[in-house]
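Asker: Residue strings, one per chain:
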Amino acid sequence: MTAVAYVVGGILTAAAALALYRAVRGPSILDRVLALDVVLAIVGAALVLNMVVNRHLDNLILLVTISLVGFIGSVTVARFVTDRK
Amino acid sequence: MVNDVVVSVLLIGGALMSLAAGIGLVRFPDLLSRMHAATKPQVLGLLLLLLALAVENENWLLVPVLVLCWVFQLLTSPVSAHMVGRAGYRTRHLRRDLLTLDELDDVVARAAESHPPRPDRTGGTGREDDGGRA
Chain A
1 MTAVAYVVGG ILTAAAALAL YRAVRGPSIL DRVLALDVVL AIVGAALVLN
51 MVVNRHLDNL ILLVTISLVG FIGSVTVARF VTDRK
Chain B
1001 MVNDVVVSVL LIGGALMSLA AGIGLVRFPD LLSRMHAATK PQVLGLLLLL
1051 LALAVENENW LLVPVLVLCW VFQLLTSPVS AHMVGRAGYR TRHLRRDLLT
1101 LDELDDVVAR AAESHPPRPD RTGGTGREDD GGRA
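Residue numbers (my numbering), protein chains in the order written: chain A, 1 to 85; chain B, 1001 to 1134.
So that you can see chain A by itself, here it is in the shape it has in the complex (with noise of 0.2 Å):
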């Protein structure tokens, strides 16, 4: 099981670094509003990991709590875009 949760996060963290590539080099803002909204899902997933690994529930909340801010941020990014003639 420790060997599965040190492959999980080398993925893990391997996916992050290539969505924080496009964030960096992404043309425009949109691309990196979308590579954000990726990185969020990793960080879901981390703390996914956390609680399989160490057999706890503390992170549920975090998890919405993420799904809402990259919603909230994603939405607000793209109006910001549409609206600016």
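Hints in this document: simulated from the structure, not taken from any laboratory. The reader is advised that the hints may include incorrect statements.
Stated by the list, open to error - Label pairs and their in silico Cβ distance ranges:
#, chain 1, residue 1, chain 2, residue 2, range
1, A, 2, B, 1091, 24 to 34 Å
2, A, 2, B, 1100, 23 to 33 Å
3, B, 1023, A, 57, 42 to 52 Å
4, A, 9, B, 1106, 46 to 56 Å
5, B, 1001, A, 69, 33 to 43 Å
6, A, 58, B, 1113, 53 to 63 Å
7, A, 69, B, 1113, 40 to 50 Å
8, A, 32, B, 1082, 17 to 27 Å
No residue lacks a Cβ here, since even glycine has one placed at the ideal position from N, Cα and C.
Add chain B to chain A, keeping to what the hints say.
Answerer: Structure of chain B alone, referenced to chain A:
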């Protein structure tokens, strides 16, 4: 023992979804195809990871909470993807040569035909009345 194997497979599957999204974000050419890649960890990856959590805990009381968590993500992520996609279409952040079909183009052309754009756009809110601009 069986539980550990199932949990491991589910965890690795969920993590591979995130990796697929990362690779897709880096490799794909334009905004719309990157959006296609980005939805994988948000819905399917989260589902696999929450299943792993449920199997690991072996507690039926936990299942409604996890379903709530997942349904919330399932409701919010299409809405934000729709907003991002619409903003990308309106600001022309897409490569026309990669599209096989653009159904919205016909709709926009018809809307521009029946509602010609007004000469002054100072009073508009810029939300619904996007005549030929889309």
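Asker: Now tell me if each hint is right for this structure.
Answerer: Right, here's what the structure says about each hint:
Judged by the Cβ atoms, the range 24 to 34 Å given for residue 2 of chain A and residue 1091 of chain B is violated: they are separated by roughly 47 Å. Between residue 2 of chain A and residue 1100 of chain B the CB atoms are about 47 Å apart, so this pair departs from the stated range of 23 to 33 Å. Range check, residue 1023 of chain B to residue 57 of chain A: Cβ separation about 31 Å, and the 42 to 52 Å hint is violated. Taking the beta carbon of each, residue 9 of chain A and residue 1106 of chain B are about 48 Å apart, inside 46 to 56 Å as hinted.
For residue 1001 of chain B and residue 69 of chain A, the hinted distance range of 33 to 43 Å is satisfied, since their beta carbons lie about 38 Å from each other. For the pair residue 58 of chain A and residue 1113 of chain B, the supplied restraint of 53 to 63 Å holds, since their beta-carbon distance comes to about 58 Å. In this structure the supplied range 40 to 50 Å holds for residue 69 of chain A paired with residue 1113 of chain B, their Cβ-Cβ distance being about 42 Å. Taken as a hint, the range 17 to 27 Å holds for the pair residue 32 of chain A and residue 1082 of chain B, whose Cβ atoms sit roughly 18 Å apart.
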